[in-house]
Amino acid sequence: MEYKLISLETARWRLARVWFIASGIVFVTLVAQSVGTVYEGRLQSAWGWALPNFVPTLALMVSVFAADALRPYDAAHELKVREPFFKLSMGLSIFYLIILFATILAEPLFLTFRSDPNTSPVQLLEISNLWLGPLQGLVVAALGVLFFLKEEGPGRAQKTPPSDPINAKQNP
Amino acid sequence: MRDIDERLSRIESRVGRMEKHHTRLPLWSSIMMGVASVLIAVVAISLVVSVRGPISERTTFPTTARELFDAYERQNPNLKRLPWPPPTASAQVKLPRNIFGGARTLQQVSEAIESRNIFGGARTLQQVSEAIESELDKARYDGYAFYYVPYGFALVTRLEQIVDDGSPHPEHRWLVTDLSSRMYHFTLSEYLRVLFRAPEGRYRTIIFVVSAERFAPEGPALTKQRAITLTQMGEAALRGNLYSAVAFDESYEVIALIYEFHVLGRETEPALVIPGSISGVDHLTKAALWPQLRTGCSPDKWC
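Residue numbers (the working numbering), protein chains in the order written: chain Z, 74 to 245; chain R, 1449 to 1751.
These are computed hints drawn from the structure, not numbers from a lab. Please note that the accuracy of each hint is not assured.
To be verified - Quick list of simulated restraints, FRET-style, between CB atoms:
1) R:D1613 x Z:I167: 53 to 61 angstroms
2) R:D1613 x Z:L161: 55 to 63 angstroms
3) Z:D141 x R:D1612: 54 to 62 angstroms
4) R:E1648 x Z:W86: 43 to 51 angstroms
5) R:T1716 x Z:I167: 32 to 40 angstroms
6) R:A1685 x Z:Q196: 51 to 59 angstroms
7) R:E1638 x Z:A175: 45 to 53 angstroms
8) Z:Q196 x R:E1638: 19 to 27 angstroms
9) R:D1612 x Z:S188: 23 to 31 angstroms
By construction, the Cβ of each residue, glycine as well, lies at the ideal position given by its N, Cα and C atoms.
Given the sequences, and given the hints that come with them, work out the whole structure.
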């Protein structure tokens, strides 16, 4: 069975584009909410929940791109990735980012239909770790393969040393 | 003849002495009477003053009413009293007396209220209370409490949630223990409001003070929690016959003290807004009290 291949560099940049755009939207939303004092005295909890959900992945991407930025481009030794795996990674990433953003967007509905009137929006964010945690594990596993691979020789690739910022992220 | 002459001369001398004596007596007695009159007048005036108080007070507050209140206080040592003077308010409105004029019986008061002549002719404090209560009922106020204040009473309305212009909150007027951050309508603007803005609330309580004692609000600021307990702890109605017996005369004033609270976010303590964001007249009209004010009349120019 033959699979269509795409360039690893291309796959990385496509994924990075999705992650940076989606994370930017989440970031701006949180800033607007913070300015609007939506989280009141629990601002740190809100940011403590949000940042570990996307900053480590972005940091990994930036560090990989930075490492490659100073190397000359060698089209002959360019690594290829099977497209289905790339699509899987992209799909998982998009699904995860949608769920992440939807968690924030669901706050008004959560506050409207909650049974306990004293429930805070931050509580919804904390509850969301139940489904975001496993999803994040899958996403990191997929992205790890694509971003930890390092060119070694023609047509070969090896894993980079485990300087994995995702594993260093804090769990809220 | 000589005897006769001597007798005549003695009689004349006696008559002369008597005439002299007669002319002295009226002068002396008139002096005495004058002194006695002055003394009696002084004693009488001092007695009147000691009983009725200084003239300045006597002209503004009848002795009988003061005595009634003093006796009422002695007989009821555990009266529920409003802090006096009342706390500083966001706004206050002195209700002009001419809204009380006209009717002279309770029936006329009732008719005046129905015809929007609010306090028309209330002659006793009890009638003033009933007139205020009637107006509050029409404005759909859900509860209020009475307190004793010097020579009068105070009526405290239940804390209500209001919107920025002073109108009662359309859906959660009586929701004051929790600042709801829910969506009231499923619209985009409402959704964005809840998503990006902390819940914001305004609350109001009004204290109507009916008293012959002049006061200037001061003292510790009223808190939202205290405003809630004020309506819970007060009397449900005016107690006893005192207020029916005391005339609502020129010495009395009805002053509406409006306390406005503002809070942004559920975890912050509501703050008393001084001065209020809107005028006292606006508060009363937006609360559907005193519809005369809706025509643009000011408290100084009641119409």
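Hint by hint, here is what the structure shows:
For D1613 of chain R and I167 of chain Z, the hinted distance range of 53 to 61 angstroms is not satisfied, since their beta carbons lie about 46 angstroms from each other. Roughly 56 angstroms separates the CB atoms of D1613 of chain R and L161 of chain Z, a value that falls within the hinted 55 to 63 angstroms. About 56 angstroms separates the C-beta atoms of D141 of chain Z and D1612 of chain R, a value consistent with the hinted range of 54 to 62 angstroms. For E1648 of chain R and W86 of chain Z, the Cβ-Cβ distance of about 44 angstroms falls inside the hinted range of 43 to 51 angstroms, so the restraint holds.
Taking 32 to 40 angstroms as the suggested C-beta distance range, the pair T1716 of chain R and I167 of chain Z conforms, at roughly 38 angstroms. Distance hint for A1685 of chain R and Q196 of chain Z: a CB-CB separation of about 44 angstroms, inconsistent with the stated range 51 to 59 angstroms. Distance hint for E1638 of chain R and A175 of chain Z: a CB-CB separation of about 19 angstroms, inconsistent with the stated range 45 to 53 angstroms. Range check, Q196 of chain Z to E1638 of chain R: about 21 angstroms between beta-carbon atoms, so the 19 to 27 angstroms window is met.
Between D1612 of chain R and S188 of chain Z, the C-beta spacing of about 29 angstroms keeps the proposed range 23 to 31 angstroms intact.
Of the numbered hints stated above, those contradicted by the structure are hints 1, 6, 7, listed in ascending order.
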